[in-house]
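J.: Start from the sequences and build out the full structure, keeping to the hints where you can.
Heads up: the sequence shown at position 13 corresponds to 13 in the UniProt record's numbering, and the numbers run straight through without jumps.
Just so you know, these hints were derived from the structure itself, not from any lab. These numbers come from a predicted model, not from an experiment. One or more hints might be untrue.
As the list claims (entries may be wrong) - Derived Cβ-Cβ restraints for the label pairs, each shown as a range:
(1) Glu15 with Lys123: 38 to 44 Å
(2) Leu92 with Gly25: 30 to 36 Å
(3) Arg28 with Ala61: 34 to 40 Å
(4) Phe40 with Gly76: 26 to 32 Å
(5) Leu82 with Ser24: 20 to 26 Å
(6) Lys123 with Arg55: 35 to 41 Å
(7) Gly63 with Thr17: 39 to 45 Å
(8) Lys124 with Ser34: 25 to 31 Å
From the three backbone atoms N, C-alpha and C, an ideal C-beta is built for every residue, glycine too.
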Amino acid sequence: MHYHKTFSETFTAVEGTLGLKLKSGERRLQPGESYTVKPFEVHGFFNPSASESIRFSIRLAPGHSGFENALRIMYGLAQDGLTDKNGIPKDLGVAFWLGELNDSHVDMLAFKVLSPLGKFLAKKVKNPGKIRSCSTGTVDKVL
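T.: Quick look at the structure:
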């Protein structure tokens, strides 16, 4: 589970049931139902069905270009085979950099302990040669 410091997220189920994990417990949203996660509210989302697909939308308030760019980058990494089966970047430095880019903070003691290492690895990823053209928060290619 994770949280964001600078924006809220409104999750809306479009098709199927959307599961939300919250500190207060789980919530299930049916199509048309919404729930807003406030800044600093720890959360996660999931598909509670093993057989049914889901579609949902997320609205950020205020908008956050780093979040949008991080999603684009993650889809590109997945297309290039640079993520695991869960969509997590195989390069730990890239994973920490994307977390910084999209204002995601993991709510686990292990991640809090690893935070200094993560910041160091993310900084290395930003250096020229590792990622080309990251001045705008987008990546042409991870080398």
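J.: For every hint, state whether the structure bears it out.
T.: Hint check:
The beta-carbon spacing between Glu15 and Lys123, approximately 40 Å, falls within the hinted interval of 38 to 44 Å. Taking 30 to 36 Å as the suggested C-beta distance range, the pair Leu92 and Gly25 conforms, at roughly 31 Å. For the hinted restraint 34 to 40 Å between Arg28 and Ala61, the CB-CB distance of approximately 23 Å leaves it violated. Taking 26 to 32 Å as the suggested C-beta distance range, the pair Phe40 and Gly76 conforms, at roughly 29 Å.
Checked against the hint of 20 to 26 Å, the pair Leu82 and Ser24 fails, with Cβ atoms roughly 35 Å apart. Checked against the hint of 35 to 41 Å, the pair Lys123 and Arg55 passes, with Cβ atoms roughly 37 Å apart. A beta carbon spacing of about 27 Å between Gly63 and Thr17 contradicts the range 39 to 45 Å that was offered as a hint. Hint check: Lys124 to Ser34, Cβ distance near 39 Å, so the stated range 25 to 31 Å is violated.
In this structure, the earlier hints numbered 3, 5, 7 and 8 are contradicted, and the remaining ones agree with it.
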